[in-house]
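Keeping their order, the protein sequence lines are chains A and B.
Our numbering puts the first residue of the first sequence at 140, with every later residue one more than the last.
Our numbering puts the first residue of the second sequence at 7, with every later residue one more than the last.
Hints were generated in silico from the structure; no laboratory data involved.
Glycine is no exception: its CB is placed at the ideal position from the N, C-alpha and C atoms.
Watch out, some of these pointers could steer you wrong.
Pairwise CB distance ranges (calculated) [said to hold, decoys possible]:
(1) A/Ala453 to B/Glu233: 32 to 40 Å
(2) A/Arg444 to B/Ser192: 50 to 58 Å
(3) B/Glu214 to A/Pro291: 33 to 41 Å
(4) B/Glu163 to A/Ser440: 53 to 61 Å
(5) B/Thr351 to A/Ala453: 34 to 42 Å
(6) B/Val183 to A/Pro221: 54 to 62 Å
(7) A/Arg444 to B/Thr241: 48 to 56 Å
(8) A/Pro291 to B/Arg190: 27 to 35 Å
(9) A/Pro291 to B/Val296: 41 to 49 Å
Incomplete in silico selection of chain A near chain B, CB under 8 Å [as the list claims (entries may be wrong)]:
(10) Cys263
(11) Ala270
(12) Val285
(13) Val288
(14) Val294
(15) Lys443
Some chain B residues well away from chain A (every beta-carbon gap over 12 Å; in silico) [said to hold, decoys possible]:
(16) Ile72
(17) Pro179
(18) Ser221
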Amino acid sequence: MIGQGPRIRPRGLQVLAFCLALCVTPLTLPGQVIRAEDEAAWAAGVAALLGGALGTWAAVRVARQSRRGEDFVAGSRRSLGPLVGTAYSWLVGLMLAVGMPVNLGIFAQVATTRELPYLPQAYCAVMIGAAATLACAYGLEVVVRVAEVLAPFLVLGLLAVFASAFVNARPDAIVLNAPPFSSRSLLVLSACLGMARGFLVTLIVGTRTYPRPRLAGLVVVNALAAFLILLSVELPLLAFSPRFASQLQFPFVTLSGTVTWQWLPTYKLEVYLLLVWQALALVVAAAYPVLAAEVLSPLSSVSKRYLAIGLAVAGTIAASVWVSPVRREHFALVWNLAVVVLGILVPLVVAMHPGTGRGVPAGRLGRS
Amino acid sequence: MIAIPTDPSTGGLAAQLARLRTQVSDLLMTLMPPSTRTPAEVSRLLASDDLRDEPCALPDGSVVRILYLDSLVPRKRLMQEVLEPLSAGSVARGRLPAARTAKSDRSIVRRLLDGEVAVVRATGAAYTVPVQGLAGRAVAEPSTEKAILGPKEGFVERISTNLGLVRRRLKDPNLRVHTYVIGRRSRTRVALIYVADVAPRRLVRRIEHGLSTISVDFIRSSMDIGELLFGKSWTPFPLSEQTERPDRVANALALGRIAFLVDGTPFALVVPVTLLEFQKDSDGDLQGPVVVSFVRTLRMLGVVGAVTVPGLYVALVSVNVAVLPLPLALALNTARVALPYPALTETLIILLMVDILAEATVQAASSVGNTLAIVGTLIIGQMMVQAHLVSTLMLTVTAITVMGSFMTLRFSFSYGMRIWKYAVVLLAAFGGMVGWFTGILVLVVHLASLKSAGVPYLAPFGPMNLRDLAQYGLVQPSKGAIKRRPRMWSPRDVVRSRVRR
Chain A
140 MIGQGPRIRP
150 RGLQVLAFCL
160 ALCVTPLTLP
170 GQVIRAEDEA
180 AWAAGVAALL
190 GGALGTWAAV
200 RVARQSRRGE
210 DFVAGSRRSL
220 GPLVGTAYSW
230 LVGLMLAVGM
240 PVNLGIFAQV
250 ATTRELPYLP
260 QAYCAVMIGA
270 AATLACAYGL
280 EVVVRVAEVL
290 APFLVLGLLA
300 VFASAFVNAR
310 PDAIVLNAPP
320 FSSRSLLVLS
330 ACLGMARGFL
340 VTLIVGTRTY
350 PRPRLAGLVV
360 VNALAAFLIL
370 LSVELPLLAF
380 SPRFASQLQF
390 PFVTLSGTVT
400 WQWLPTYKLE
410 VYLLLVWQAL
420 ALVVAAAYPV
430 LAAEVLSPLS
440 SVSKRYLAIG
450 LAVAGTIAAS
460 VWVSPVRREH
470 FALVWNLAVV
480 VLGILVPLVV
490 AMHPGTGRGV
500 PAGRLGRS
Chain B
7 MIAIPTDPST
17 GGLAAQLARL
27 RTQVSDLLMT
37 LMPPSTRTPA
47 EVSRLLASDD
57 LRDEPCALPD
67 GSVVRILYLD
77 SLVPRKRLMQ
87 EVLEPLSAGS
97 VARGRLPAAR
107 TAKSDRSIVR
117 RLLDGEVAVV
127 RATGAAYTVP
137 VQGLAGRAVA
147 EPSTEKAILG
157 PKEGFVERIS
167 TNLGLVRRRL
177 KDPNLRVHTY
187 VIGRRSRTRV
197 ALIYVADVAP
207 RRLVRRIEHG
217 LSTISVDFIR
227 SSMDIGELLF
237 GKSWTPFPLS
247 EQTERPDRVA
257 NALALGRIAF
267 LVDGTPFALV
277 VPVTLLEFQK
287 DSDGDLQGPV
297 VVSFVRTLRM
307 LGVVGAVTVP
317 GLYVALVSVN
327 VAVLPLPLAL
337 ALNTARVALP
347 YPALTETLII
357 LLMVDILAEA
367 TVQAASSVGN
377 TLAIVGTLII
387 GQMMVQAHLV
397 STLMLTVTAI
407 TVMGSFMTLR
417 FSFSYGMRIW
427 KYAVVLLAAF
437 GGMVGWFTGI
447 LVLVVHLASL
457 KSAGVPYLAP
467 FGPMNLRDLA
477 QYGLVQPSKG
487 AIKRRPRMWS
497 PRDVVRSRVR
507 R
């Protein structure tokens, strides 16, 4: 057929990266609810920034040293050596693969327990999962395009998070049905936030090795964007209110549960914010399998398309059946462990590797 | 001996050369064996009762045979354009300026089928003369795309007239028209039109190659060309734009798009197309930015409402009543209290009835269509409410849906919305608000997967292009502010306006 070739622009990849970067914050942490009310919170914030920096730096290095037309695995091997590079690729791929059931399961659980109590969790997860699987079947190009189309929801979500934080800072705000606190390590969680962005942003750039004469600039912009998002989301989270941190299950819980406007045809704001969250959940649920397939496909003999579909179907089943309040913590634990490994060990390995610094000079990127 | 006229009054050098070429051709034809150009052979190849083979005596005493298909050539035109010029003088080709030499019987047959008249001399030399064939429909106002301020001319079935309508609006020497004859049996003329220094060269080359390699027996309409070139996708949404308006085609060509005209079809086919193009009317460029932006936004809201409102009704009434304020929830359920079935059944019944009615009204003749509309309105609007088969609220929802479905300016696009709303309704009944929104998200994913001639269907929303969105999106800036052609069409010449302020 005429003119059916893929067309992905770096700007579209950036939008997808932004979606993932923001959604990682509210979507991955519910099992790890934190109590951010003392000095440990600030220490965790600093640790998150540091972890994000290290993770971003590692991923940027991999992307920079990969050649044009090269996939992420080859770039990792070139940057880290065959053994460490392969292990790093497996780690990134599996971590991405776990991302979908964690996020989707959490969304389905929160949506059905807090907002829509008559809807079974499995129904919710299957519906979003089916839409995400459809997007995965179309490939990364379509996932990127969907992210671009739904980008306005991203802005709405960000505004709602901020608004929710401000509302929650009011002393007279009474939050009904607030989820209980738990006591996970703040350090691990905050590292998770920064790390997930760091490697995701650069992973997208690195895996789709299209002609990229401005790769160096793109990577720098993405890295800066990751830090800006980190600052914009985490610092208010830590500064405004300890209660806000406890409500990450549904990041808009304060706003939706306390604010009413008479001119709205609904009881509270919760439905609108739930839809915003659902749009973001679709982007994230579709992005994780398709990115995992990008990484894992060269390591296996399965094509990217079928691998993405398989991962999406498996993720949907896991999200609808397996992700219970108890097991969800297991998922999150695996996720966090992988993040810690990526955020601390891999940058150290990269820094100590003899190949470090011998990659393609930045000025010649994309011209090899 | 061939004499070359030297009188300046007979024309310039080009005319003399043409005349010389004609005489040489005539001479060669007389030297060719006449057995292959006999009327009998033509009659054998074209064994049809509407083939006429009539002798015609000329003033010089010679006799020629006149061959034509009387189903394609009106007798009056034959007399005026062929027989009278012939009987008035010799058969020299100068008397019939449009004559073309026919080199074989098969070429004679092919031209007869195109509506030409063949003149075969006793020597076997033959030529054909195009005559004005059956009277076609006169240029009139488009029936499917009305314009209030725009021009009132629409395409007709004759391709030459349609080409003229486009050329009259785009007097650009770079406007290219390439004609192809496609269809082994229909032998339909298809014109590929583009502006050479604006349209993307790569796409033009691919289309030219695609057109030259099409092998099909019959072409019915311009949509056939679209499907043969770009493949048929399993989607209810059109991947090419059909329009009756020459001004719309000319505007599209000026922006770097490509158009097709097919003989026998009053619709031009324009590619690529995006979702947004279906919401732009022909009056759009003729009014102020505020009005245009308002109308387009209104139309987009209508289209979105057509898909989403029935599903939202089902979700709110049957699943997620708790999200509504108490007075509204009570009002909704009071309106439905007498209905014997759930909201899903009610919605499906009324939507199916309305779609059946719409289809019947569109397909029926205009007089019958009006009757159908009145009967349908009475039955749906009054009888079903009185019989407690639907609620009055559902009628309001139906009205919004129907109006929104037909607010889009392309009939083919409305089918996509009309089909998709059923999926949204079913998902809403299954999962309430989450299911309803999932239906919309799946629609977004599906639309994001579509491409028209390589251009993403959701451009400039996805891929996001802010400049295109600002200049060619829902908000229409003033003419002077539009300085560049939309990037989504990949034009070769991006500069559109050099207005300095």
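Structure-based check of all given hints:
Separated by about 37 Å at the C-beta atoms, alanine 453 of chain A and glutamate 233 of chain B satisfy the suggested range of 32 to 40 Å. Separation of arginine 444 of chain A from serine 192 of chain B is about 39 Å and departs from the stated range, judged on CB atoms against 50 to 58 Å. In this structure the hint that glutamate 214 of chain B and proline 291 of chain A lie 33 to 41 Å apart at CB holds, the actual value being about 40 Å. Between glutamate 163 of chain B and serine 440 of chain A the beta carbons are some 56 Å apart, a value that agrees with the proposed interval 53 to 61 Å.
As the Cβ distance of threonine 351 of chain B to alanine 453 of chain A is approximately 36 Å, the hint placing it in 34 to 42 Å holds. Look at valine 183 of chain B against proline 221 of chain A: about 59 Å separates their beta carbons, and that is inside 54 to 62 Å. A C-beta distance of roughly 19 Å is found between arginine 444 of chain A and threonine 241 of chain B, which places it outside the suggested range of 48 to 56 Å. As the Cβ distance of proline 291 of chain A to arginine 190 of chain B is approximately 51 Å, the hint placing it in 27 to 35 Å is violated.
Between proline 291 of chain A and valine 296 of chain B the beta carbon distance is about 23 Å. The supplied range of 41 to 49 Å is therefore violated. Hint status for cysteine 263 of chain A relative to chain B: holds, with the closest Cβ pair at about 5 Å, below 8 Å. The criterion of a C-beta within 8 Å of any C-beta in chain B is met by alanine 270 of chain A, whose closest approach is roughly 5 Å, and the hint holds. Annotation: valine 285 of chain A was flagged as interfacial toward chain B, and the flag holds, the nearest CB pair being 5 Å apart, inside 8 Å.
Given hint, valine 288 of chain A at the interface with chain B, holds; its Cβ is 4 Å from that chain's nearest Cβ, closer than 8 Å. For valine 294 of chain A, the interface hint is violated, since its Cβ never comes within 8 Å of a Cβ in chain B; the closest pair sits about 12 Å apart. About 16 Å separates the beta-carbon of lysine 443 of chain A from the nearest beta-carbon of chain B, more than 8 Å, and the hint is not met. No beta-carbon of chain A is positioned within 12 Å of the beta-carbon of isoleucine 72 of chain B; the least distance is around 45 Å.
Look at proline 179 of chain B: its CB is around 27 Å from the nearest CB on chain A, clear of 12 Å, so calling it non-interface holds up. Distance to chain A confirms serine 221 of chain B as a non-interface residue, since its nearest Cβ pair spans about 16 Å, more than 12 Å.
The structure is inconsistent with the numbered hints 2, 7, 8, 9, 14, 15, although it conforms to all the rest.
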